[in-house]
Amino acid sequence: MMESSDSERRARLTEADLRRADGTVRLAWGQLPAAHRELLKEIGASHWQVVGEPLGSVVDGLLRSGGHPGLSRGNQRSLDGALAVWIEQLRLMVMDGGHRLLDGLDESAYERFVFNNAWHEWGHALSIGLCSAEDVAAGRRLLELAPEGIRKNIRQGGYRSSQYTHELVANVYALLMIRRRQDLLERPQWLNEEIYRLLVRVTGWTE
Amino acid sequence: MAKRRDLQAVGEGDGLDGVGVFAVYKLGKDQTAQDLFAMQDELLLSEGIDPTWVPSTAAERAEAEALSA
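Protein chains in written order, with the working numbering: chain A, 255 to 461; chain B, 16 to 84.
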């Protein structure tokens with residue numbers, strides 16, 4: 255359950271705030287390589303929704319509306335602090351456009367953060383859709399090969415080891431997209447070759 | 016390019032029990048957007064890349080609008 259201050263803050267959200275977030279996600283979509291957009295469309299991952307409420311109840315409602323079982327209260331609570339979620343069953347990315355971490359960001363930081371969140375989730379969609387069971391099983395080992403900052407971020411997120419590969423792909427994918435903004439397409443020096451090959455395989459990343 | 020594989024087994028998501036596949040993006044409890052940026056900037060700087068964020072251009076905004084039309 256979110257704190258009352260979160261509820262109060264969300265009560266001040268306007269339609270314009272959500273439109274801003276949605277428009278920023280659209281910009282992030284437009285900056286994906288065309289081939290990636292096509293791949294995401296192919297796997298049914300080209301739709302998103304920006305909401306202004308904690309994601310637990312939103313996702314519960316979306317699942318029930320789609321004829322799926324809803325979420326338990328515990329599962330709703332575990333989603334409530336999330337920035338975004340990719341829901342495989344619904345082929346839908348849902349982003350919390352009223353998340354507390356968006357508060358107080360200047361324009362460029364806001365754009366950067368929303369871009370990152372969107373690219374992260376599309377990285378997830380590709381990873382979940384295209385990683386093999388062996389890739390997922392290798393998550394713990396791959397995480398050890400990741401740069402310290404990424405490793406720490408994933409550990410702080412409290413993910414299960416079965417999620418490490420997907421988190422790794424999503425984190426690195428967002429970083430590769432940032433580098434692409436500066437026309438840098440080759441493997442970064444800080445990225446282990448095996449992780450890079452995984453990214454190339456599941457996202458179709460090309461130099 | 017890899018082919019889409021079957022969906023993961025129920026419960027193999029990331030912390031949501033028995034409800035199928037989810038991929039949740041969350042930062043650590045005390046982390047902020049600036050912490051995330053700092054981590055990313057450190058990696059970019061390590062290879063000599065200016066991490067200064069390049070905001071979207073007017074042309075990109077127009078392209079995004081066209082894509083959504």
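A portion of the hints provided could be inaccurate.
Listed next, the stretches of chain A that the computed footprint assigns to chain B, with coverage defined by at least 3 CB atoms under 8 Å from CB atoms of chain B [unchecked claim]: (1) 351 to 364; (2) 371 to 383; (3) 393 to 404; (4) 434 to 441.
Pairwise CB distance ranges, derived in the manner of DEER restraints [what the hints assert, rightly or not]: (5) B:63 to A:298: 16 to 26 Å; (6) A:391 to B:67: 34 to 44 Å; (7) A:450 to B:60: 32 to 42 Å; (8) B:63 to A:270: 13 to 23 Å; (9) A:438 to B:77: 16 to 26 Å; (10) B:67 to A:387: 39 to 49 Å; (11) B:77 to A:386: 33 to 43 Å.
Think of the hints as simulated: they come from the structure by calculation, not from any bench.
Ideal placement from N, C-alpha and C gives every residue a C-beta, glycine not left out.
Hint-by-hint comparison with the structure:
no., hint, verdict
1, 351 to 364, "holds (count 6)"
2, 371 to 383, "holds (count 8)"
3, 393 to 404, "holds (count 3)"
4, 434 to 441, "holds (count 3)"
5, B:63 to A:298: 16 to 26 Å, "violated, 39 Å"
6, A:391 to B:67: 34 to 44 Å, "holds, 39 Å"
7, A:450 to B:60: 32 to 42 Å, "violated, 19 Å"
8, B:63 to A:270: 13 to 23 Å, "violated, 40 Å"
9, A:438 to B:77: 16 to 26 Å, "holds, 24 Å"
10, B:67 to A:387: 39 to 49 Å, "holds, 40 Å"
11, B:77 to A:386: 33 to 43 Å, "holds, 39 Å"
Hints 5, 7 and 8 from the list above are not met by this structure, while the remaining hints are.
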